[in-house]
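Going down the list, the sequences are from chains X and S.
Here the first sequence is numbered in the working numbering, starting from 1 and rising by one per residue.
Here the second sequence is numbered in the working numbering, starting from 1001 and rising by one per residue.
Mixed in with the good hints, there may be bad ones.
[Said to hold, decoys possible] Estimated spans, in silico, between C-beta atoms of each pair:
1) I1238/S <-> L26/X: 15 to 25 Å
2) N229/X <-> S1089/S: 46 to 56 Å
3) V31/X <-> V1245/S: 14 to 24 Å
[Unchecked claim] Some but not every residue of chain X turned toward chain S, in silico, with C-beta under 7 Å:
4) I28
5) I36
6) R39
7) N216
8) V630
Keep in mind the hints are simulated off the structure, nothing from the lab.
Think of the CB as a built atom: it goes at the ideal place given N, C-alpha and C, for glycine as much as any other residue.
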Amino acid sequence: MANNRKKRSEKGVLQLLRFRTTILILLILVVGFGAISVRLAFLQLVQGPYLQEKAVEQQLVDTTVNSKRGTIYDAKGKILAQSASVWKVVLAPAYLETDEQRKYVAENLSKILKLDYKDIYKKTKQKTYYVVIKRKIESDEREKILNFVDALTKKYAKMSNVITLFDDYRRYYPYKDLASSVIGFTGSDDQGLEGIEFQYDKYLMGTPGRVITARNANQTDMPFEYEQNVEAKDGNSITLTIDETIQSIAEKYMKQGLINNSVVKRGVCIIMDVNTGGILAMVTADGYDLNKPYDLSDADLDAIKALPEKKRSQAESEALSAMWRNKAIADTYYPGSVFKMCTASMALNEGKVNDNSSFYCGGSVTLYDHTIHCHYTAGHGSQNFFQAIANSCNPAFIQIGNLVGAEKFKKYYQAFGFSEPTGIDLPGESDDLFFANNKMSETDLAISSFGQGFSITPIQMLTACASIANGGKVVQPYIVQTITDVDGNVVKNTETTYKRQVISTETSRKMCDYLERNTTQGGRNNGYVAGYRVGGKTGTSEKIGNSRKGYKDYIASFCGFAPADDAQVACLVFFDTPTGASYYGSQVSAPVFVDIMSEVLPYLEIQAEYSDSEKKYVDTVAGSYVGLSVKKAQSAAKSDGFTTTVKGDGNKVIYQMPSAAAKIPTGGNVVLYTDKESKKNKVTVPNFVGYSVSTVNSLAADYGLNVSFTGVTSSSNSVSTSQSIAEGSEVKAGTVISVKFGGGTVVHD
Amino acid sequence: MAPFVEVMRQADVNKLYDEKLNRKQERSRNRRQNAPAPDPKRKRRGRVRSRIFERGMGLDLPFLLLVLVLLVIGMIMMFSASYPTAYYSPKINDSYYYIRRQLIYAVIGVAAMLLISFFNYNKLHKLAPIMLGISYVALVAVLVVPSKIHRWFEIGPINIQASEITKFAIILFFAHWGSLYYDKMQYAKYSVVPGFLIFASTAALLILEPHYSGIVIIGLLTVVMLYVSGMRTFYLAIGAVILVVAVIGAWATGILTYAMTRMDGWGQALVYTTDEMWQTTWQTRNSLYAIGSGGLFGLGLGQSRQKYLYLPEPQNDFVFAVVCEELGLVGALIILLIFALLVWRGITLSLRSKDRFGKLLGIGLSSQIGIQVVLNILVITDWLPNTGISLPFFSFGGSSLIMLLAQMGLILSISRTANIEKQ
Chain X
1 MANNRKKRSE KGVLQLLRFR TTILILLILV VGFGAISVRL AFLQLVQGPY
51 LQEKAVEQQL VDTTVNSKRG TIYDAKGKIL AQSASVWKVV LAPAYLETDE
101 QRKYVAENLS KILKLDYKDI YKKTKQKTYY VVIKRKIESD EREKILNFVD
151 ALTKKYAKMS NVITLFDDYR RYYPYKDLAS SVIGFTGSDD QGLEGIEFQY
201 DKYLMGTPGR VITARNANQT DMPFEYEQNV EAKDGNSITL TIDETIQSIA
251 EKYMKQGLIN NSVVKRGVCI IMDVNTGGIL AMVTADGYDL NKPYDLSDAD
301 LDAIKALPEK KRSQAESEAL SAMWRNKAIA DTYYPGSVFK MCTASMALNE
351 GKVNDNSSFY CGGSVTLYDH TIHCHYTAGH GSQNFFQAIA NSCNPAFIQI
401 GNLVGAEKFK KYYQAFGFSE PTGIDLPGES DDLFFANNKM SETDLAISSF
451 GQGFSITPIQ MLTACASIAN GGKVVQPYIV QTITDVDGNV VKNTETTYKR
501 QVISTETSRK MCDYLERNTT QGGRNNGYVA GYRVGGKTGT SEKIGNSRKG
551 YKDYIASFCG FAPADDAQVA CLVFFDTPTG ASYYGSQVSA PVFVDIMSEV
601 LPYLEIQAEY SDSEKKYVDT VAGSYVGLSV KKAQSAAKSD GFTTTVKGDG
651 NKVIYQMPSA AAKIPTGGNV VLYTDKESKK NKVTVPNFVG YSVSTVNSLA
701 ADYGLNVSFT GVTSSSNSVS TSQSIAEGSE VKAGTVISVK FGGGTVVHD
Chain S
1001 MAPFVEVMRQ ADVNKLYDEK LNRKQERSRN RRQNAPAPDP KRKRRGRVRS
1051 RIFERGMGLD LPFLLLVLVL LVIGMIMMFS ASYPTAYYSP KINDSYYYIR
1101 RQLIYAVIGV AAMLLISFFN YNKLHKLAPI MLGISYVALV AVLVVPSKIH
1151 RWFEIGPINI QASEITKFAI ILFFAHWGSL YYDKMQYAKY SVVPGFLIFA
1201 STAALLILEP HYSGIVIIGL LTVVMLYVSG MRTFYLAIGA VILVVAVIGA
1251 WATGILTYAM TRMDGWGQAL VYTTDEMWQT TWQTRNSLYA IGSGGLFGLG
1301 LGQSRQKYLY LPEPQNDFVF AVVCEELGLV GALIILLIFA LLVWRGITLS
1351 LRSKDRFGKL LGIGLSSQIG IQVVLNILVI TDWLPNTGIS LPFFSFGGSS
1401 LIMLLAQMGL ILSISRTANI EKQ
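Working from the sequences, and respecting the hints, build out all of it.
Listed below in structure tokens is the structure:
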């Protein structure tokens, strides 16, 4: 090049200029433009899909459309849990421009939704487009909000997007606390938290839908149109094996039992179909209102208030989890004497005992360093096998257990299903608690034979009882019968599962016979239900561990089934820590069992078979004799099986007592009134409590009243315990008074 | 090196272009001479028409056409990019806010361009040192005047960016200098020394603003002007070596990464490092999203989604990202081609100027457009820090558009004198 020249010639400079300009053009247009073209091509073609995905990710807003949760029905189709439409109020405060608008919106929203004005006013100042004001408002509030939005858009411009209502659902439980521990409840996002709601959440919840829309960076709509909808699929519905009627009966008597016996730690009642394993009722009393699952009882609240402030929140959460707990499957306890039905079955099934086997009880047994007392400290003396069961004699059962032996005992323990959870379709089922390393010493075997030393759940006990009653088959208990989709198609139907045969049919038949005789002999306190053949066993077990300070705590239980010759249902009643006059299973739980069964069995259309002595106490329906002549009325009543008393001088019957269709015992007295004067005559009700059946009968006849007998009247030592109309009340002649009888042998086991 | 130089000389496109034009003019002269003698009555009218015609020919029509095409495309795209921002902005709330203003500026600018094309650019010769002085005053003034960003100063309704003045002043001054000392440019004291002094002092003031991309443009313009004026390639090579060594050194010691982080997360738009950095690189990242979304053919005119507030200020430096999204790679490359034609035409027509000052001024002004386009696209594609390089004819801005069109007017003025002289 021209580097050496000192001074450039005109022509040389021009040539250089042209040359360098060419270089310049090449640099800018080829290198520069080439580089940016390549860069753009790389970004748009190679990296394009990635960058586009990222861009779309931020441009599209995915809104979830809640699906409607499935309904929970009882066995008869009654709705136990249902979802209904509610709405969510969302504010986009960024659209509000002036303070006047903010105040106007805050004022009206706080008034309609009954919320604090200051809170809402604070929210209206935020520069966002999505602030949730209130969740789950109902249609009346929704109407008011819609009216307000109308007013707002008329008053100010550009207000149509300020308030939005989003669809939502709320869970309703029409029966409030019925079967609360079983059904469970849902959380704020409609997710199941307890019970069936939790266990079957994936079936109930359905598939939420989605609305995908393009949004600008402020999250408001873009004119650019893109919208994609995925319809929400509503959840499946569930039909339980639980029957609302049976559940209600059980809950009614369980609540009464809690009060009568001052029970501290709730009670459990489970009723099960022994042949299918379907649970007809499962009660943890007291329950809680499923519509307000976070509201504690007043007693709990008072107890928490008494605590120092630091411990309150912990106490509150403990009280809540205790309230929600399904004790029927989550609690373990010593089954106590109820378990003797299993020990007896083992011995019988192994052929170690027969009807004539003899056992001796001297009031206590000493094993190594332990002395085990019988509840009857004087000793039962010599007993046969049935007497040992009926006496619930611990020393006798130690001998029976010994005959079975530890290995066989463990084998049967497993076969009855105690060594594993039953697998019932409910959350939170506990495992049993057997001896360490599955090893049983002689002492362990001794106490195990009468149900102490190992812990099981109530549902395990009832399942074992059901297997004794149904011919020896261990069934799988379950609570959900069918799951159906929105269109009514069956998604899932539960079939009965027999796990194994634990005892022979013959052993089962014999055990049913023993247990039936046990109740018949013991009367109301052993679970006898008038008119029905019931088998069952009482139990009182000492609680170890978490007892109250300074007390010995007990669990009073009763487990039985009916009818004894063809078992249909089994029922377990269990009270945790009764602190009333008695803590024995026979006095606390057995009467509750009787009350429940005497309503449930007729409901299940199980035919009552009354003994001759009972028949006269069975109620008959009175006919209508009003309007008839006195003679005709008398003969009609006679043919219905009643005696008559005529009061007044008229020819025609103008009124009768008891009235038509009332229930009175066969052979009862119908008072026929023939004029208005005599109708005014009244009788003072005497005291019926504390007498035998025959005394009550003659008392009633003397006063011209009718008595309806309830409870155990068959036993020779039955004693009346209560009357439906109080002593001293003024009633019309012929009124039916219901008198309840109790009694029989009380076994303090 | 020699054979390569020879090849380059032979392939001199400008020379080819000149020769072709000379032949064309020769032919038309011949045609006029061979034409039959016109009627005396019509002759007068013909002469008048011919004068106007000649003036029209004086303007380089292809160049003017390219300017107007780019201006129209630029305005359409700027409108497309800007209306959502203008609509959603609570202060503006008017989709036509930017385009209405830009239209007014464009009308003023085109008028100024046509007016200036009649202006004798040689008058600027003497103004060059004064212009450089004004540039320094402006650069100092923006630093002194209290404002949020020390880059603009406001005169009435329009903002003027100080570096706009500086860029013009640098081109003007070195065109003046290079034409004055055309025969001494091989000496360092006539090329490297004044170049370095002016660049260093200007760069120092720009660092204070700070306006890094301004420094890059000023640096490139200085080098271009000195190189074209005849500075020895040796000095340029030394400068290049120093630059390369500095960059490698900075990279090796980690200073480069640090600097990249400091410079608004340069090159890290898609990488999440810190929350703060994620915010800082927001604009560049969304620019990349927009470009990538375009693909080969784009989403269609007006169909950009990124302009819906995701890409902040899409009417300014990042307008071309929206262009890429809406028109795709094909549309972007066509626009780049038009830019390239404009630069090429500008440079080649300047070369035909009769005087050296005109040549250098025209080359400088044309290159400036090319450089700005390249740098702008490097910014929006995250290869340069995001520090304010507008895209000529596209980006919104009154002062810069008017200034740009005025400079185009100067190039037209150069073309006019070149053509007239040739006749």
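Structure-based check of each hint:
The hint said 15 to 25 Å for the Cβ distance between I1238/S and L26/X, and at roughly 21 Å that hint holds. Range check, N229/X to S1089/S: about 32 Å between beta-carbon atoms, so the 46 to 56 Å window is missed. Taken as a hint, the range 14 to 24 Å holds for the pair V31/X and V1245/S, whose Cβ atoms sit roughly 21 Å apart. A distance limit of 7 Å between C-beta atoms decides the matter here; for I28/X the minimum to chain S is near 4 Å, and the interface restraint holds.
Among the interface hints, the one on I36/X holds; its C-beta lies about 4 Å from the nearest C-beta in chain S, closer than the 7 Å criterion. Against a cut-off of 7 Å between C-beta atoms, the interface hint on R39/X holds, since the closest Cβ of chain S lies about 5 Å away. Interface restraint check: N216/X against chain S, minimum CB-CB distance 4 Å, threshold 7 Å, status holds. Among the interface hints, the one on V630/X is violated; its C-beta lies about 98 Å from the nearest C-beta in chain S, farther than the 7 Å criterion.
The earlier numbered hints that this structure contradicts are 2 and 8.
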